[in-house]
Amino acid sequence: MSLLSVENLVVRHGLLQAVRGVSFSIERGETLALVGANGAGKTTLLRAIAGAHQPAAGRVLLDGADITGVPSHKRVGMGVALVPEGRKLFVQMTVEENLLLGRTAGRPGDWSVAKVLEMFPNLKPRRHAKTGHLSGGEQQATAIGRALMSNPDVLLLDEVSLGLSPLIVDRVYAALQGLISSGTTIILVEQDLNRALSVSNKVICMLEGRIALEGDSKSASREDVTKAYFGLHWKSTGSVPA
Amino acid sequence: MSNQIIQGILLGGYYALIACGLSFMFSVMRIINLAHGSLAVVAAYALWFLASRFHVSPFLGLLIVLPVMAVIGWALQRFLLERSARGGALLPILTTFGLAIVIDNMLFEQFGANTRSLAPYIGSLSYDSWEWPGSIYVGKLAVIMFATAVILLGGLQLFLTRTGLGRSIRATSEDPDTAGLVGVDARRANTIAAAIALVTVGLAGAFLGMRGTFDPYAGAPQLLFAFEAAVIGGAGSLWGTLIGGIVLALAQTLGAQVHPQGFLIGGHAAFLVVLFVRLSASGLGLRGLLRLPSRIAS
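Residue numbers (this note's numbering), protein chains in the order written: chain A, 1 to 242; chain B, 1 to 298.
Keep in mind that a hint or two might mislead.
[Said to hold, decoys possible] Here are a few chain A residues that sit away from chain B, every Cβ distance over 12 angstroms (derived from the structure):
no.: 1; residue: Glu7
no.: 2; residue: Gly14
no.: 3; residue: Arg20
no.: 4; residue: His73
no.: 5; residue: Gln92
no.: 6; residue: Gly136
no.: 7; residue: Lys227
[As the list claims (entries may be wrong)] Derived CB-CB ranges, DEER-like:
no.: 8; chain 1: B; residue 1: Thr161; chain 2: A; residue 2: Ser219; range: 46 to 56 angstroms
no.: 9; chain 1: B; residue 1: Val102; chain 2: A; residue 2: Ala37; range: 17 to 27 angstroms
no.: 10; chain 1: B; residue 1: Arg278; chain 2: A; residue 2: Leu15; range: 17 to 27 angstroms
no.: 11; chain 1: B; residue 1: Pro120; chain 2: A; residue 2: Lys74; range: 49 to 59 angstroms
no.: 12; chain 1: B; residue 1: Ile151; chain 2: A; residue 2: His128; range: 47 to 57 angstroms
no.: 13; chain 1: A; residue 1: Gln92; chain 2: B; residue 2: Leu275; range: 18 to 28 angstroms
Keep in mind the hints are simulated off the structure, nothing from the lab. Small disclaimer: the values here were computed from a predicted structure and weren't measured. Where is the CB? At the ideal position from N, CA and C, for every residue including glycine.
Using the sequences and the hints, build the whole thing.
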C-alpha cells in the first residue's frame with residue numbers, strides 16, 4: 001500500500017480549475033519532485049494534500065485512509081507536514097517558539113529543537129531572535145525545522161529555494177539530502193529542474209493543472225521533462241502524454 | 001499634586017483591567033467587542049445577585065461568576081463572533097453592538113433602573129485606606145485593583161509566551177491559516193482566547209461594582225474607558241494596556257484638578273492626542289484625515 005495516494009483530485013479557486021483530475025502515489029522513503037511552470041497547479045496540489053484547500057472532487061489517501069475531509073491541523077497529527085511557499089513563519093515569534101509550534105499536534109518522534117539546531121547550526125545563535133529579523137536562509141531553515149518538529153511521515157516542501165542566494169540554496173539542499181538519506185518521504189515542489197531531478201527518485205511535471213509527465217527521475221530524459229515543462233507535448237487535440 | 005498622581009496611577013489599574021479583555025480579543029481575533037462594557041455589567045449584576053440573594057461575598061462569588069463568564073465567552077465566540085466574522089470585519093462590530101443593546105435592555109427589564117453597588121457587601125474595604133508619608137491616603141481597594149491588574153497582565157504574558165496553548169493563540173492571531181498547517185486548531189485557540197477575555201471582563205465587572213455604582217446602562221462608559229486605554233497603550237499590547245490605563249486615569253485626575261467637569265474631558269483629550277500622534281506616525285495625520293472625503297469622492 002502506498003504511503004500517500006491522490007486520486008482524481010480537482011481543486012478550484014472560484015471559477016478557475018487549478019488542479020484537474022490529478023492522480024499519483026508515493027511509497028514510504030521516496031522523494032517525489034513536482035515540477036512545472038508558474039501557474040501549473042503545483043502549490044495548489046500540495047496545499048490540497050496538506051488540507052489548506054478543500055478539493056472539489058477526488059480523494060487524498062494516507063496509508064490507505066481517506067483524509068480528504070480532514071482539516072489541516074488534524075492532518076499534521078496524522079503525519080502530513082507542509083513547508084509553505086514563502087516560509088510563512090510567525091514573525092512576531094522567536095525561532096524556538098516557531099519550532100515548538102511544530103510540536104502542537106503532539107505526534108511522537110525523534111525530532112526536537114536540539115536536533116533541528118544540530119541540522120541547521122546557523123540557527124543556534126539565532127534561537128531567541130524573532131523570525132522577522134532572520135535572513136532568507138535562516139527563515140527557510142526554521143520553516144523546514146518547524147515542519148520536522150511534527151515528526152511527519154510525509155514532508156511537503158513548496159519552493160524551498162525561492163528567493164535564496166545560490167550558496168544558501170546549496171546549504172538547504174545539503175540538509176534535505178540528509179533527510180532523504182534518513183528515509184524521510186518527501187514531495188518537493190521546485191522550479192529548478194536540475195536540483196529537483198538530482199535529489200528525487202520520481203518526477204511529476206504539471207502543466208495547466210494536469211500531469212504532463214510522470215516517471216523515474218534518474219531515467220527520465222531531460223528533454224522530455226523540459227518539453228512537458230513548457231507544454232511542447234501539447235497537441236491540438238489537447239491530449240497529454242502522462 | 002503627588003497625591004493626585006498616585007490616585008491616578010491606582011485608578012489606571014482599574015482601566016487596565018477593563019481594557020485588558022478588549023485588547024486581548026482584538027489582538028487575537030481582530031474583533032472589537034462593543035458589548036465589552038455591557039458584559040462587565042452582567043458580571044457585576046451576577047455578583048450583586050449572589051450577594052443580595054444568597055449572601056455570597058463578591059470575592060467568593062467570583063469563583064462562580066468567572067467560570068460562567070468563561071462559558072459565555074466560549075459560546076459567544078463559537079455561536080456568534082465566529083459566524084459573523086465570516087461576513088467581513090464590519091459584521092462582528094455590528095453584531096456586538098446589537099448584543100450590547102440586547103444585554104442592556106434585558107438587564108433593565110430584569111433589575112429595573114435602580115443603581116446597585118457591591119460596596120455594601122465588602123465591608124469597609126470600599127472606603128478603607130492606608131496613610132502614606134506626606135498625608136497621602138491610598139484606598140485599599142484601589143491598591144488591590146492595581147495589584148490585580150499587574151498580576152493578571154503578567155499572568156497573561158507568561159501564559160502567552162511560556163505555554164503551548166499561549167503560543168497557539170499567538171500563532172492564530174498572527175496567521176490562522178498557517179497556524180492550521182503547523183497543527184494548531186485555530187478555532188479552538190480563538191474560543192479559548194474569547195473565554196479568557198471574558199474572565200478578565202468578569203474581574204473588571206467585579207471591581208466596577210465594588211468601587212462605585214452601576215445600572216443596566218453602565219456598560220457604554222466602561223466600553224469607552226476600555227477603548228481609550230487600549231488605544232493609548234497600543235491595542236494588542238498587554239503591558240501597553242496598563243500604561244494606557246494609567247495615562248488615561250492620570251489625564252482624568254489632572255483634568256479634574258483644572259475644572260470640576262475636567263475629569264472626562266482630560267481623559268478624552270489625552271486619547272485624542274495619542275490617536276493623532278499615532279495616525280501621524282502611520283502617515284495619516286490630521287491633514288490626511290481632512291483630505292479623506294475628497295479622496296473618497298474622487
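Against the structure, the hints:
Listed as outside the interface, Glu7/A is consistent with that label: its C-beta sits roughly 22 angstroms from the nearest C-beta of chain B, beyond the 12 angstroms cut-off. Listed as outside the interface, Gly14/A is consistent with that label: its C-beta sits roughly 17 angstroms from the nearest C-beta of chain B, beyond the 12 angstroms cut-off. Under the 12 angstroms C-beta cut-off, the non-interface status given to Arg20/A relative to chain B holds; the minimum distance is some 24 angstroms. At roughly 5 angstroms from the closest C-beta of chain B, the C-beta of His73/A falls inside 12 angstroms, breaking its exclusion from the interface.
At roughly 6 angstroms from the closest C-beta of chain B, the C-beta of Gln92/A falls inside 12 angstroms, breaking its exclusion from the interface. Every CB of chain B is more than 12 angstroms from the CB of Gly136/A (nearest about 17 angstroms), matching its label as outside the interface. Look at Lys227/A: its CB is around 34 angstroms from the nearest CB on chain B, clear of 12 angstroms, so calling it non-interface holds up. For Thr161/B paired with Ser219/A, a C-beta distance near 52 angstroms keeps the hint of 46 to 56 angstroms intact.
About 55 angstroms separates the C-beta atoms of Val102/B and Ala37/A, a value inconsistent with the hinted range of 17 to 27 angstroms. Checked against the hint of 17 to 27 angstroms, the C-beta distance between Arg278/B and Leu15/A comes to roughly 41 angstroms, which is inconsistent with it. Judged by the Cβ atoms, the range 49 to 59 angstroms given for Pro120/B and Lys74/A holds: they are separated by roughly 52 angstroms. With their beta carbons about 26 angstroms apart, Ile151/B and His128/A fall outside the hinted range of 47 to 57 angstroms.
A beta carbon spacing of about 24 angstroms between Gln92/A and Leu275/B agrees with the range 18 to 28 angstroms that was offered as a hint.
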